[in-house]
Amino acid sequence: MSRNNFFEKKVEFLTLKQVLEITDSRLNGEFDLNLKIFDINTLQNASQNQISFLNSGRYSVQLSTSKAGFCLIEEKYATKSPAGTILLINKNPYYAYAQIAQSFYKQKDTEFVSDKNRLNYQENNLAIIHNSAVIGKEVKIGSGALIGKEVKIGDGTIIGPNAVIMDNCVIGKNCIINALTAISFAIIGDNCIIHSGVKIGQDGFGFAHNMGVNHKIIQLGSVIIGNDVEIGASSCIDRGAIEDTVISQGVKIDNLVQIAHNVIIGQGTVIAGCSAIAGSTRIGKFVQIGGACNIAGHINIGDGVKIAGASGVMRDVAPMQIIGGCPAIDFRQWQRLNAKLAAMAKLHLKASSDTVN
Amino acid sequence: MSRNNFFEKKVEFLTLKQVLEITDSRLNGEFDLNLKIFDINTLQNASQNQISFLNSGRYSVQLSTSKAGFCLIEEKYATKSPAGTILLINKNPYYAYAQIAQSFYKQKDTEFVSDKNRLNYQENNLAIIHNSAVIGKEVKIGSGALIGKEVKIGDGTIIGPNAVIMDNCVIGKNCIINALTAISFAIIGDNCIIHSGVKIGQDGFGFAHNMGVNHKIIQLGSVIIGNDVEIGASSCIDRGAIEDTVISQGVKIDNLVQIAHNVIIGQGTVIAGCSAIAGSTRIGKFVQIGGACNIAGHINIGDGVKIAGASGVMRDVAPMQIIGGCPAIDFRQWQRLNAKLAAMAKLHLKASSDTVN
Amino acid sequence: MSRNNFFEKKVEFLTLKQVLEITDSRLNGEFDLNLKIFDINTLQNASQNQISFLNSGRYSVQLSTSKAGFCLIEEKYATKSPAGTILLINKNPYYAYAQIAQSFYKQKDTEFVSDKNRLNYQENNLAIIHNSAVIGKEVKIGSGALIGKEVKIGDGTIIGPNAVIMDNCVIGKNCIINALTAISFAIIGDNCIIHSGVKIGQDGFGFAHNMGVNHKIIQLGSVIIGNDVEIGASSCIDRGAIEDTVISQGVKIDNLVQIAHNVIIGQGTVIAGCSAIAGSTRIGKFVQIGGACNIAGHINIGDGVKIAGASGVMRDVAPMQIIGGCPAIDFRQWQRLNAKLAAMAKLHLKASSDTVN
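Chains as they are written, first to last, in this note's numbering: chain A, 1 to 357; chain B, 1001 to 1357; chain C, 2001 to 2357.
FYI, nobody ran anything at the bench for these hints, they're computed from the structure. Mixed in with the good hints, there may be bad ones.
[To be verified] Quick look at which bits of chain C chain B covers, simulated, 3 or more residues with Cβ under 8 Å:
1) 2142-2149
2) 2177-2185
[Claimed, not checked] Examples of chain C residues toward chain A, derived with CB under 8 Å:
3) 2114
4) 2238
5) 2256
6) 2278
7) 2336
[What the hints assert, rightly or not] Calculated cross-link-like contacts (lysine to any residue; reagent style SDA-like; alpha-carbon spacing at most 20 Å):
8) C/2346 - B/1332
9) A/340 - C/2339
10) B/1116 - C/2125
11) A/140 - C/2123
12) A/340 - C/2330
13) B/1152 - B/1136
14) A/137 - C/2116
15) B/1140 - B/1154
16) C/2340 - A/342
17) B/1285 - A/211
18) C/2285 - B/1209
19) C/2340 - B/1339
20) A/346 - C/2321
21) A/108 - B/1176
22) C/2346 - B/1318
23) A/340 - C/2342
24) C/2346 - B/1321
Don't be surprised by glycine CBs; every beta carbon is placed ideally from N, CA and C.
Based on the provided sequences and hints, a complete structural model is requested.
As structure tokens, this is what we get:
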């Protein structure tokens, strides 16, 4: 968890009483209002002194095995919670979570260059480098690039012209970070190639709808990128909401690919251009994803799966399956379905063209 | 209409004679060739001393109620025009419009930094700021950012490193304009978040095909963005052709989304990543558009519509409908159709695999 | 072939013995191990003293007519090779090719700005320009832009703020290269408009999978762009693998379009936003490609073809066809198929809703 790199806690803890007030929740039973809540977390990972939330009935399995000490929840799901969890009943637990997350955390100040801190930066061969940045040996940094506060860059890495590496990021050895990349909230391994215009670490697309307004949810995760990863031009990788977005070792991603928050991609997986992976989906190892595929959020794609180009994957896929189509089905079935539909299109033209139009 | 921010008229008016000559059109009747034409406009908004055009038979309804004093039109549609409109008969009215628009307007000179005007710019903590720019209080501007001529930036707004805000743009209060954004021809409200690499205000994809050449049509509109709007990394919003592209208050747009020229998006609408909205389409209020949706041009999507991810919307959609598929149909019907097709794919595999391939 | 602009040969030639050792191949017969191999090339273009490779059985036609003196090939295809070609038998010819390409060529050093060469660059009105660059008359270059070593820019061209034009690129006359573009390995004609954030010339998505690792294949081609081309914001054009990626005169490409390596696009073709063209596909002249289309790799689209928006094209398309759907079929058939499927969706709802779910 690299949260401490990029965020700081505003308070050590909140009392149960404070959380009830901030979120306008009520208790499902009698409990000591002075109980201390030290952090927010997911249902899977929350511990006894942390608070989580149930956003939808589809996560009731995670709830039933959760070790969370506290949980924001709608009344209708209250019966499904484990015995040890104190329930905070709320009509909109996701929005309540957003409020609590914001109460616990704030993003560390981005220093920027300003009158007050101009002397913190040096201009080095036309690049702008914060004095606190740790730059390895044989590093080349292009003109106009910005290297922010406490950034670490490994030996032999190249940073292209006008790239922007925001505060506290870590980049490994022998990487090529091309021109005009924007990297924030990210820990990047060795030997990675990040092509021009890649955007890594912006906050994910997370809103809690409440009373006609979409409230932004503070995105507290990072982007963790393993060794030997390549990411194509203009692709985007959002940082995680609570935990991290993870791109494992040896993953190769083509141009204009969207990786949403909390996605986890296993080792050696290859993703061709213009594909999009929605939030919280897990992609296995050595998966092959064709161009322009769309993969829904909150699903699991098993190891070794192959997905034909332009497919839309809406459900979990077992390991080693070959699939295609939208919604994606078994590849061979999809090919035959296409043949059948093509035949139907021709037949229809002859037989019933007058009656349909 | 913010056209005057970004364009200037080359002539106060053109005479009917001049327009006939420039466009190689002929009149449908006898009229005073010295009549003055003061501007171009859409069929809906043109007034008595303005000229419009009919590009396709599908707009003949707009033509029939138009108050335009003059209209470029193909001969075959001449009978459908209102009585008060003087018709200029032309084989290619769209190209003729392109010629007239270019005759009336030119983009204001982009000053840039050059030998002649270097002193117009100051370097302020490594950002480049035009002396005429109006910068609010507590504004932070990143290194390498360019703030162009007569740009206005509201109090508390942050402009990221290497962002480019071109001449005459207006950005409201408390906005976050992230690194490496390019903003031109745009008026942006308060409290907006524009993520890294967003491109706003480039001219729309408008060409008039004539004699084997695609002629560029000058794009005279702007991009108008309301308060509380968020736009995801690497998304693109083109400016309007004649009127403006409009993103209303509270709209949230994810990464890698394409908004073409003249699109109007209503309040509170949410658009997930990798979706594309083609030109001149109107999206209602509080619409929810899933990821990787493609929405055709020149259609209307009603308020409160929900569109499943990876859908392709080809037609108008009534308010509050839930739709899915490509072409999109009623969501429930689409789900059942998918089940039916999946069954057909399996059946086919057993029964007729030999005969089809 | 503009390879010499951007790459340099590391050796004049390799002997057959060296190639066998580097690639761990064996000969299919007895030949002089001192034979000299001077270059790598495609099957179509390789000559007597060059080496090519057969990556898949689908290219056996190209093999049968190849003039290549040497060919890396799997044993199972050995019988299909022409008489004059010396075969190097290898289990993974694509990976073997990758090894040989890397042995022959290296990318010319990107100079960058550094302590050693800072004096090679001048800061000219806030742009950074290499002393060896050849800049035409009346050229405007925005602040923060980088013009690399031996770049040539024609008269009247505008380079936007923070654009990055890497070493050895050539840009014609009267072009507009907008802000925040990254251009490398490219030769661009006259009167082109490159919108903000376009990425041209990054290496294509080419990997040779061997023993569980995806090995990068050096991409030795360039991007060749004709006159009067327009490329929309944030679009990406990869350079070729062996030969060039070619965008012919008058092509108009909208925003967020992906053009993969080796694609060849004919004169006057128009591609709407968010479309993707996979590697090695050839698009004819005056083709019209709607928005959000996905076109598979290694296929041919004939002249004058029209493709409806959101289509997926999986196969060759004969000239002048109008197609739609995914997989794309005849447009009229597709429309009727859609009507039939929509009817089926409704019917199904009434008749068999209980039995299916």
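Results for each hint:
{"no.": "1", "hint": "2142-2149", "result": "holds (count 3)"}
{"no.": "2", "hint": "2177-2185", "result": "holds (count 3)"}
{"no.": "3", "hint": "2114", "result": "6 Å, holds"}
{"no.": "4", "hint": "2238", "result": "7 Å, holds"}
{"no.": "5", "hint": "2256", "result": "6 Å, holds"}
{"no.": "6", "hint": "2278", "result": "5 Å, holds"}
{"no.": "7", "hint": "2336", "result": "5 Å, holds"}
{"no.": "8", "hint": "C/2346 - B/1332", "result": "10 Å, holds"}
{"no.": "9", "hint": "A/340 - C/2339", "result": "16 Å, holds"}
{"no.": "10", "hint": "B/1116 - C/2125", "result": "10 Å, holds"}
{"no.": "11", "hint": "A/140 - C/2123", "result": "19 Å, holds"}
{"no.": "12", "hint": "A/340 - C/2330", "result": "15 Å, holds"}
{"no.": "13", "hint": "B/1152 - B/1136", "result": "8 Å, holds"}
{"no.": "14", "hint": "A/137 - C/2116", "result": "15 Å, holds"}
{"no.": "15", "hint": "B/1140 - B/1154", "result": "11 Å, holds"}
{"no.": "16", "hint": "C/2340 - A/342", "result": "12 Å, holds"}
{"no.": "17", "hint": "B/1285 - A/211", "result": "14 Å, holds"}
{"no.": "18", "hint": "C/2285 - B/1209", "result": "14 Å, holds"}
{"no.": "19", "hint": "C/2340 - B/1339", "result": "16 Å, holds"}
{"no.": "20", "hint": "A/346 - C/2321", "result": "16 Å, holds"}
{"no.": "21", "hint": "A/108 - B/1176", "result": "15 Å, holds"}
{"no.": "22", "hint": "C/2346 - B/1318", "result": "18 Å, holds"}
{"no.": "23", "hint": "A/340 - C/2342", "result": "16 Å, holds"}
{"no.": "24", "hint": "C/2346 - B/1321", "result": "16 Å, holds"}
Of the hints listed earlier, there is not a single one the structure fails to meet.
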